[in-house]
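Peer 1: Residues per chain are reported as follows:
Number of protein chains: 2
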Amino acid sequence: MKNQDFVESLRASATEFTPPVRSLMDVDFYKFTMGQLILRHHGGMEVVFKLIVRDPTASVGHIVSQTELRKYLDYAMGLRFRKTDLYYLRGVDLYDKYMFKEEYLDFLRDFTLPPYQLRQVDGNIELTFRGPWERVSMWETIALAIISELYYRSVLAKIPKHELELVYVRAKDRIYTKLETLRRHPHIRFADFGQRRRHSFLWQEWVIGLCRDVMEEQFTGTSNAWMAFHHDLSPIGTNAHELPMVLAALANSDEEKVASQYTVLKEWEEMYGKALRIMLPDTFSSEQFFANAPEFVGEWRGMRQDSGDPFTRGHLYINWLRKHGIDPREKMLVFSDGLDVDQMVLLQEHFEGQIKTAFGWGTLLTNDFRNCHTGNQYLRPFSMVCKVVEANGVPCVKLSDNINKATGPVGEVERYKKIFGATERTSEVVLV
Amino acid sequence: MKNQDFVESLRASATEFTPPVRSLMDVDFYKFTMGQLILRHHGGMEVVFKLIVRDPTASVGHIVSQTELRKYLDYAMGLRFRKTDLYYLRGVDLYDKYMFKEEYLDFLRDFTLPPYQLRQVDGNIELTFRGPWERVSMWETIALAIISELYYRSVLAKIPKHELELVYVRAKDRIYTKLETLRRHPHIRFADFGQRRRHSFLWQEWVIGLCRDVMEEQFTGTSNAWMAFHHDLSPIGTNAHELPMVLAALANSDEEKVASQYTVLKEWEEMYGKALRIMLPDTFSSEQFFANAPEFVGEWRGMRQDSGDPFTRGHLYINWLRKHGIDPREKMLVFSDGLDVDQMVLLQEHFEGQIKTAFGWGTLLTNDFRNCHTGNQYLRPFSMVCKVVEANGVPCVKLSDNINKATGPVGEVERYKKIFGATERTSEVVLV
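Protein chains in written order, with this note's numbering: chain A, 35 to 466; chain B, 35 to 466.
Read the hints as simulated data drawn from the structure, not as lab findings.
Take the hints with a grain of salt, since some may be wrong.
Part of the chain B face toward chain A, derived, beta carbon under 7 Å [said to hold, decoys possible]:
#, residue
1, F115
2, R116
3, K117
4, R124
5, G125
6, F141
7, Y296
The following residues of chain A were derived to be distant from chain B, with all beta-carbon distances above 10 Å [what the hints assert, rightly or not]:
#, residue
8, R124
9, G157
10, R311
Glycine included, every Cβ here is placed at the ideal spot set by N, Cα and C.
All chains, please: the whole structure from these sequences, using the hints.
Peer 2: Shown next as structure tokens:
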């Protein structure tokens with residue numbers, strides 16, 4: 035990995051113009067795979083995305099300067115894809131040859147991030163993005179990465195230099211130790227999913243370099259297109275909750291709402307073929323998803339587990355597969371819900387021999403600075419997302435397998451619960 | 035452009051392992067366009083490429099250490115294309131969508147540079163490459179760039195540090211001044227063609243960055259695939275002498291030899307369509323090329339002028355076009371023969387309004403250190419090429435429009451002159 039002087043970079047960021055996101059490629063790869071589907075099937079639909087800080091004690095509104103935030107969001111709005119970026123996207127054949135069609139590449143050629151609305155409300159940041167879905171959607175991980183980095187810059191700005199050195203020494207020790215643990219479990223395969231809540235761009239880049247050097251085959255890639263491009267890693271990512279959320283919001287009847295979570299899978303496989311078929315069943319709870327799932331779901335390669343208890347969610351899928359006469363050992367569970375090393379070990383050992391596993395390791399890979407500065411409560415990750423909240427004026431809802439990850443107006447959430455059925459949902463603390 | 039400490043890098047190269055070529059993408063783009071054609075139509079043909087130092091006073095054999103050269107040629111043999119490189123090549127759509135087919139990308143995926151033979155003969159370096167054409171061909175600009183950089187490292191190693199600073203200050207002043215001149219001639223469009231005889235990788239990269247920043251639209255790209263990739267420039271390049279040379283060598287009769295220079299154009303346009311159709315007529319002299327040229331040559335976009343007097347060569351083409359009822363203003367002359375600023379200005383002004391012009395500016399763009407260190411005769415570019423000399427055991431010949439650029443055994447050159455006709459050829463000093 036690159037040997038960075040993190041302390042020096044941090045100090046420079048206090049006085050120089052140092053955008054946390056400098057390229058439109060510095061975004062999660064799934065924004066492209068979803069973006070192409072959105073453009074093709076739902077282009078022009080008016081949506082609203084909104085920043086949701088799940089953890090009020092993080093005091094984001096007080097810690098992140100609005101002026102700074104505005105400056106770097108504005109900068110991001112001036113970014114354009116380069117020729118080379120589009121050559122790269124056209125040429126990616128990891129999942130299929132020519133997975134991005136000229137229609138979408140033409141769209142990206144002229145793409146800029148649409149305007150944002152930023153307000154301070156009761157000491158909190160209110161950040162919303164409104165516009166055509168295919169454009170607004172791209173803000174998600176970019177906005178989050180900008181806020182996340184500005185947050186930690188601000189937290190660290192108050193710490194004297196020699197203590198900063200220590201902070202980074204401790205964080206490096208921590209990540210090294212984690213990777214050492216994972217090396218003792220060679221069947222664990224993981225990818226970096228950590229852009230959105232990263233400590234900083236440079237830190238993520240350093241961590242990724244470390245993973246590549248230390249973990250070899252166990253490190254399978256990164257969700258960040260820029261990192262994949264520049265460090266010759268596999269770009270990883272498929273689809274996310276925004277697809278079924280918007281489709282359900284716009285469905286004309288309760289039956290259509292339930293059906294829409296499968297419609298999107300049909301659109302997906304029609305566009306991408308086999309390799310990218312990893313489903314995300316928890317948008318309106320995984321129990322009802324599998325209870326109502328049509329046969330073709332059995333052809334998909336696997337599922338991503340992003341909420342609820344990962345063990346029971348895994349077995350829900352395994353049982354569904356067995357019931358449909360499908361050998362789970364040919365399928366894959368991709369875990370991505372607030373992972374850290376111990377849990378990855380437990381999950382891998384538990385599911386070994388039953389089903390293939392893969393891990394999308396996010397925040398606790400690229401931003402574990404907990405207790406790296408004694409007594410500093412802010413040097414920890416906090417839960418923050420940027421979610422679709424409205425489509426064509428209709429509120430969007432996520433139920434999730436974890437009550438604390440649900441989004442949408444209370445009344446709508448209740449209505450969705452009735453429509454989709456009050457299935458098992460747990461209440462776990464959302465750490466990241 | 036990147037602000038490099040050239041002196042420091044130079045000093046580091048004396049003690050550290052610092053390969054002049056670190057990526058298989060650090061090669062001229064035409065090696066790919068030609069390589070694909072070679073693989074498809076002439077794959078597996080046994081060829082010999084050979085280093086030819088046209089200027090014996092450069093003392094390459096004394097200045098370049100054989101041990102160093104061997105070390106860095108060996109290093110180059112260990113290089114592989116990265117996933118990202120192949121994504122990029124698959125996605126380049128500058129000339130046509132999907133110009134590189136899977137057959138060729140598969141070949142590149144497993145590609146390594148084939149072995150070389152290096153000997154010291156009478157104080158000179160004898161460097162040859164023998165093997166299948168599609169593999170050997172790739173050595174050309176890589177081997178040249180390695181030798182070139184090692185040569186100047188060695189020359190500069192004898193100069194004290196404060197004088198080295200001055201060398202670079204002068205070279206920077208020189209290139210700045212050249213670009214200032216070109217800015218006063220906004221109709222001049224040029225690309226960097228300077229990898230093969232560059233001062234160093236870092237210097238080429240710096241010069242390219244400078245061109246981009248200073249010249250804007252006048253700077254149209256670079257022949258170097260790595261530079262294009264990493265600096266978001268258009269990769270420039272089409273075909274070179276090796277194609278007609280090998281085809282002529284293997285032709286079964288004199289008539290076939292003459293015909294082969296057009297056969298290759300047919301193979302080319304069949305593979306690449308319209309945009310890449312820039313011909314190189316001087317292999318066996320441009321006069322006979324146009325005298326015998328079939329009608330379809332009139333459909334090509336233009337020609338590259340690489341030897342002989344550029345003014346008369348240009349008019350040869352213009353006259354041929356007019357005779358065939360084609361408006362030369364729709365065609366292009368690409369000049370690439372040892373260009374420097376003054377000549378570019380003269381050529382552009384001369385041909386303005388008659389035919390489009392473009393300039394492939396090589397050695398005097400990326401390696402003009404003449405007189406940058408008082409009295410040092412070696413700090414100048416020298417003429418060196420890496421040419422095909424044999425195909426399936428048959429010697430290869432180039433006649434060229436400049437007698438001093440001819441290659442091949444004397445007897446064969448005479449035979450070719452009879453076959454192709456003793457047309458006008460001039461004798462110009464080959465500076466680079």
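Peer 1: Of the numbered hints stated previously, which ones are contradicted by the structure, given in increasing order?
Peer 2: 1, 6, 7, 8
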